[in-house]
Amino acid sequence: MAAKKSASKKSASKKSSPKRGDDGRYPETKILSALFDVKDGWKLAVAKKHGAYKNLEKALKSMSPAEVIDEVKTSRVRGRGGAGFPTGVKWSFVPTETDKPKYLVLNADESEPGTFKDRWLMELDPHLVLEGCLLCAYATGVSTIYIYVRGEYPLSQERLWGAIHEARKAGLLGDKIMGTDFSCEAYVHTGAGAYICGEETGMLESLEGKRGHPRIKPPFPAVEGAFGCPTVINNVETLAHVPSIIEHGGQWFADMGIAPDPDNPRALGSSGTKLMGLSGDIKTPGCWEFEFGITVRELIEQYGGGALEGRTIKAVIPGGLSMPVLTADELDVPMGFDALVKVGSGLGTGTAIVMDDACDMVEACENIAHFFADESCGQCTPCREGCHWMEKIFTRIKAGDGTPADLDLLERLFINIEGRTICALADAAVWPLRSILRKFRHEFLAKMPGHTDPHEKDPHAEDPKASSEPAAVGAN
Amino acid sequence: MSVPPESTASVLPQAAPPEAVAFPPKELKKECEDILSRYPTRMAACLPVLLLAQQHYGGWISPEVEAGVASYLEVSDSHIRGLLTFYAMYNTKPAGRHEVWVCRTLTCWLRGAEKLRQTALDTAGVATCGTESDDGKFLIKNMECLGLCEVAPAVFIDGQPHVNVTPEKLTELMEACD
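If you read the sequences in order, they're chains L and H.
Letter by letter, the first sequence follows residues 5 to 480 in the numbering used here.
Letter by letter, the second sequence follows residues 6 to 183 in the numbering used here.
No lab work stands behind these hints, which were simulated from the structure alone.
Virtual Cβ for every residue (Gly too), placed ideally from N, Cα, C.
One thing to keep in mind: the hints can contain errors.
To be verified - With a Cα cut of at most 25 Å, we get these calculated DMTMM-like pairs of lysine to aspartate or glutamate:
#1 H:Lys120 / L:Glu212
#2 H:Lys34 / L:Glu212
#3 L:Lys214 / H:Asp82
Stated by the list, open to error - From the structure, some residues in chain H lie toward chain L, with a derived Cβ separation under 8 Å:
#4 Arg43
#5 Thr46
#6 Ala49
#7 Leu52
#8 Tyr77
#9 Leu88
#10 Pro99
#11 Leu111
#12 Leu115
#13 Cys150
#14 Cys154
#15 Ala157
#16 Cys182
Looking at chain L on its own, in the form it has when it is part of the complex:
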């Protein structure tokens, strides 16, 4: 068994390089996005022609809930919301013996800046999303699904409600689905504009009608989540993968993408496909689906059309706003969970923001710090006060009133904010800012005429412990 496993790993890693075409172009793989180009793909009649709900029928009529979880575990699919936690493992934490009702809360509060992949899924293929939810509900014994959609996505809400009504009429939702003993209800819950409600426990508080203050874990939501009951929380894209995993089997999914590193127990691999997006300073922003393996540079040059006319790319945040930046020399790294952690960044939501040479990094930092200061929920002092403090310092430097001591002060703030709060918002604020400060230090110093850098060499550059790995959050 062990030998067989490593053989399949080898073939998977071998496979990843010759996938590019003769022209060197990395091909798209349309699984999640199969209906994106189909007219009216969001209507049940059209979606059904393309196989919607046949995998739900397969699971309900020929598989036990435990078998569904096993397939998802075999697929090694990892959460697509940013943390990358193995989905099958998460599902297996939900207690099977309990008198309480169980809930599924679908995280469609896609408030991470630069991220719009879930919006595409909900608008263009809501039935795929709903089918994924129902498969998850069947596997974990859930009887009520809440789809938490951010308030800024009116069309997503409309399409999901439409899908729910159509599915209920067709007997695909409600009592005794498809004539089996499985019954399940689904509702769309509308957010009202708060980034923090994308954090899973902040979302639960918000669902319960409170301010979105993240909870201290444990207890984990799988045991005590929404309304004090066991709750599964997954990202939209994660659950949209489940129907095809049930159709083709978990191994089919696991054979795609980047295999786990047998020598590193934390490198769980990046199996399957991923919706990857680009926004910012590039010619053709958008969203495409790839088997894991495409590099950041390939994504930008082959699909994003490269830098704008007459400009050069300066920095890229590979996943939303909350990950450390990569410089233009660091882009030959695959868009994968482990590969990006290895170079000191992270996949996050898999939708990159590109900045070019016209972007002033001090002003970018001010913009980023303002975002986190604005969106901090205010529970934990280091984040509530720290994010505002960082923003003020960047504003000061931008105005030409900064000194090199401000850069040291920022470094001390980073240490006192990161990892010292209930949720990961504070970490998410520190990572992009610290990486920009370290990689573009000269731009900050250039705004301090008359001052020289007291640390000609970055004091932290040789200390690998000084920069903590983003992957730590994924471990929950």
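Could you slot chain H onto chain L? The hints should help.
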């Protein structure tokens, strides 16, 4: 709960509590009941019911509406006030006939959101975001990421997204509002 001692009570503010509106009004009754039926607690209906109420009462939640919703959902007024001040989409001040949201986060900022914000403020004739224009026509809000990054910069006018917006296009859109 014990009554505060007399010495303390005498310094507490004596303003009369707002007179609660009768909530829900009959136009919203069915929808409110429908929302309540989805959740195991009344409190869970707070967010969607407040959004409905805001739409119904001219784009903002006054202290009177706040008190009405609170008593309908059996939560305290302060709980509702907490939600209104926490979530960006609620207004606790008059919000003009048209609400314009300009995204300010990184992608839109890279694509020119600052110019858009200035255009919006100039067209509305107000100095800062978050204040209703004198003629009661516009409220400009500086919003964090609206999730329309591939088509940045983006604005919302009265809940409807507009993408790849230029200052000229924004002026046109705002001038078309009555």
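Evaluated hints:
1. Annotation: proposed proximity of Lys120 of chain H to Glu212 of chain L is violated, straight-line Cα distance about 39 Å (limit 25 Å).
2. Our distance criterion of 25 Å between C-alpha atoms is met by Lys34 of chain H and Glu212 of chain L, whose separation comes to about 21 Å.
3. A hinted pair counts as satisfied when its Cα atoms are at most 25 Å apart, and Lys214 of chain L with Asp82 of chain H qualifies at roughly 13 Å.
4. A distance limit of 8 Å between C-beta atoms decides the matter here; for Arg43 of chain H the minimum to chain L is near 5 Å, and the interface restraint holds.
5. Given the 8 Å rule on beta carbons, the hint for Thr46 of chain H holds: about 6 Å separates it from the nearest Cβ of chain L.
6. Here the hint on Ala49 of chain H is kept, as its CB sits about 5 Å from the closest CB of chain L, short of 8 Å.
7. Interface hint status for Leu52 of chain H: upheld, as the beta-carbon distance to the closest one in chain L is roughly 5 Å, under 8 Å.
8. Interface restraint check: Tyr77 of chain H against chain L, minimum CB-CB distance 12 Å, threshold 8 Å, status violated.
9. The criterion of a C-beta within 8 Å of any C-beta in chain L is met by Leu88 of chain H, whose closest approach is roughly 6 Å, and the hint holds.
10. Because the closest C-beta pair between Pro99 of chain H and chain L is about 19 Å apart, greater than 8 Å, the hint is violated.
11. The criterion of a C-beta within 8 Å of any C-beta in chain L is met by Leu111 of chain H, whose closest approach is roughly 5 Å, and the hint holds.
12. Look at Leu115 of chain H: its Cβ gets to within about 5 Å of chain L, closer than 8 Å, so that hint holds up.
13. The criterion of a C-beta within 8 Å of any C-beta in chain L is met by Cys150 of chain H, whose closest approach is roughly 4 Å, and the hint holds.
14. A least Cβ separation of about 4 Å between Cys154 of chain H and chain L falls short of the 8 Å threshold, and the interface hint therefore holds.
15. Contact between Ala157 of chain H and chain L, as hinted, is supported at the beta carbon level, the nearest pair being about 6 Å apart and thus within 8 Å.
16. Of the supplied interface hints, the one on Cys182 of chain H is violated, with its beta-carbon coming no nearer than about 18 Å to a beta-carbon of chain L, more than 8 Å.
Hints 1, 8, 10 and 16 from the list above are not met by this structure, while the remaining hints are.
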